[in-house]
Amino acid sequence: MPSTTRSVQLRRTVLITTTLLALGGVAACGSEDPAGGDVSAAPEAASTDDVLTVYSGRTENLIQPLLDSFAEQTGATVDVRYFDSADLALLVEQEGERSPADVFISQSPGALGYLNDLGLLTELEPEVLDLVSDDFQATDGRWVGMSGRVRTLVYNSELVEPSELPTSVFDLTDPAWSGRIGVPPTNGSFQDFVTALRETEGDDAALEWLEGIVANEPVTYSNNTATLQAVAAGEVEVGLVNHYYNYRALAEDPSLPTLNHFFEAGDIGNLNIVTGVAVVETTDDAELANDFVEFMLGEEAQTFFSEETFEYPLVEGIAPGADLPPIADLGIATFDVNSLGGGLARTQELIAESGLEG
Amino acid sequence: MVVTGLLFASPAVFLLWESVRLGGDLVAVVATADVLAPLARSLLLASSCAVGCMALGTLLAVLVSRTDVLGRDALRVALAMPIVVPSFVGATALLAATGRGGLVPFVPRPEGFLGAFVVLTVLSYPYVYLLVLARLRHTPRSHEEAARLLGAGTWRTVTTVLLPQLRPAASAGGLLVFLYVLSDFGAVALLRYDTITRVIYSTRLLDRTTSVTLGLFLAVLAIGVVLLARSAAPEPPGPKPAKAAQRIRLGRWRLPVSLLPWAVLVVGLFGPVVVFATWALRGSTAVGFGYSGPGDSLAFLVGPTLNSAVAAVTAATVAIVLVLPLAVASVRRPDRLSRGVVAVVTSVFALPGLLVALTLVFLTLSVPGPLGALYQTFPLLVLGYVLHFGAQALRSSQAALAGVPARLDEAARTLGASPARRFVTVDLPLVAPGLAAGAGLVLLSTLKELPATALLAPAGFQTLATRIFSAAQDGFFAEVGVTSLVLLAMSTLLTWVLVLRPALTGDRGRQDGP
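Just so you know, the sequences run in chain order V and D.
Be aware that the first sequence starts at 1, since it is given in our numbering, and climbs by one per residue.
Be aware that the second sequence starts at 359, since it is given in our numbering, and climbs by one per residue.
Hints in this document: simulated from the structure, not taken from any laboratory.
Only a predicted model underlies this, so the values are computations on that prediction, with no experimental measurement involved.
Not one of these hints is a red herring.
For the chain V half of the interface with chain D, some residues (derived, Cβ under 7 Å), not all of them:
1. Leu-20
2. Leu-21
3. Asn-61
4. Asp-79
5. Tyr-82
6. Phe-83
7. Leu-91
8. Glu-95
9. Arg-98
10. Tyr-114
11. Thr-186
12. Ser-222
Here are the computed distance ranges between Cβ atoms for each label pair:
13. V/Leu-21 <-> D/Arg-765: 28 to 38 Å
14. V/Leu-159 <-> D/Phe-471: 21 to 31 Å
15. V/Ser-133 <-> D/Leu-380: 31 to 41 Å
Built from N, CA and C at the ideal position, the CB exists for glycine as well.
Next up, chain V with everything else stripped away, as it sits in the complex (with noise of 0.2 Å):
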């Protein structure tokens, strides 16, 4: 009978829904119980009373073992929250006075240069910032340079012939690549770049290679990882983007056809990007924190970066990884890097002007 049947849906349906609504009830209740991060509390219950929070805009996968390795030397509890650097700035900023963030790791310096310019950081300890080049810090000592993001210019080598390949960057607005480009106009590390080339030639000499590049009728994406895509797939020949997207694309398919090529030594278009970490004004405990950041800039962690992820080690005498050239081959443009904090309203404002859409 259709009754009874409905009831004994009904009866199921309340029964399933309780038993969520009770787990729900013990999550709420114990909700510094992590049900699904890969924290892991100290083997050794030694300090646990030890807290570090860590706002990460590094994803999981990237830094997560590090975070572990971490709490496993230290003894201390390390609780992260992973998002986007940007809305990870904006959240720290909404929270105030009452952050609970001790440390903040940025996927470029912007954010970093955002909480700074709102007195949110504090200084480092010396011998922390001592580990790293000065090119690659804050000048205020407030936020370090962790891991090196090089901009690269990958391409199909399917559709372009070695030869063809421009030494320098200023080299895209020639009429010949029309067509050809795949750029990600708001990504922030195209804008980072964008910012160093105003930094280095000027504003006059960055908005004319911008609307070189629109002249050249360039297909835009939203991120580097469409634009890498596109290259992939023949949708467009070549594309600014970080070096490690493609490293990481091959892992997952060998077959692709994409190739970085990096610009003359020297050149701007090789600009290093680097990753950084801070600790936060509002920390409790900043002896902790400044002894994470040294952990960054260990040879435990700088290895990760590596060999794992593909990135340019930061610190003296750790190789970046087999595939990747050396960084002084490179030239890496040495750079102002506390100037990619600020100044990115104007850069957004050039590139406005020059009519280059995302």
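Given the coordinates of chain V, assemble chain D onto it according to the supplied hints.
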């Protein structure tokens, strides 16, 4: 009701506060050419998708409920599923599947307006589909039978008798689609259609004033749209709950007509599933974390799966419970206040999730007080979901309540039943399918929600959606593939068990009825 209204007004209040604090000038910011063009595009896309979804969703619901379309029973559940796919994942999958180098290279890659329209319509029509389907459950078929007896053909019966009764549910769904498309960022960014959300996102650090002011504008716009879209015509009084009627036999049209729902599923569900499976199976050689390919353990997904399920069910339940009084008041005793509160509640759905999340941070931390203890706890996270998606529960409850014949309620009252008893014994069974549909929408939206989860959840609380985002950020598509498949599987299961089966069993139980 006032409390509910104030709660849902908090994002707008927060945006207003920030806007004033940062010195934003609403008119000046919006009136610039840089903003007017994306704004026009947003409105164009939102309205087109709304219309498209209303047509498609209604058509599919009628096909599944009233005809003998091929694979009817499987379609019933499957057609609700595309909404589960996060828009940026769906767009990435469809981009990967099409064009040169894709699985179907002869299909051009979606892009621009057309691409965004197709992708968003195919992923959002379930908003309309689920609500109309619930409504069909209780649409008296006697009218249709009478029309047929009087000689009207099938087509005429459907268009003049059935469709008008579905209009409130379809409009409710259409409004939800409109607001959702306004708020979407992931898909339109990938498909390169520049809308106002892009401006909000790209300026959020660099020109915070503009970003916040535009967010405020979006909230105000949404409230305006909702107030304007008040359904004009009152609900025709339906005499009795449904009893089984003859299913429309499609005859020689059966095969061609059946192609439509299956084609929609290919684009909105099977296509992405195939892409996910391809990514998952292809695997990754050098990257050793998370998931590298077949044979790797999926244990790392157990926690996020549970978290996703618990969060979604909790949010759906709380949402329905919270908005039901408001829905009842607005339908039974509509007045200016209830209309205003309804508009405010609905408008939050048009805001990007990031802004809703920041509002809750503001309420708990920036405002001095004990609320700070709630920060980054599970209850606050649920509140975030309820705030963002409450509109779905509200609209569907309203559509369901509007379909309850007032005569029944009056009859019960004259017999001496108290309001509470009347509600439980008379209204509730009739609106249950609609409520279930609304709960289902909130459930599915929560499963794929990203910014509030990332920012407000307790430390270490991950969901499938945050894992997908993480993996997609750096191009680890093997992991994106397998996690998306798990998300789809779990969503299907939850929706089937908790929403569709209870709501739809009656149909099947009665198909051989008198």
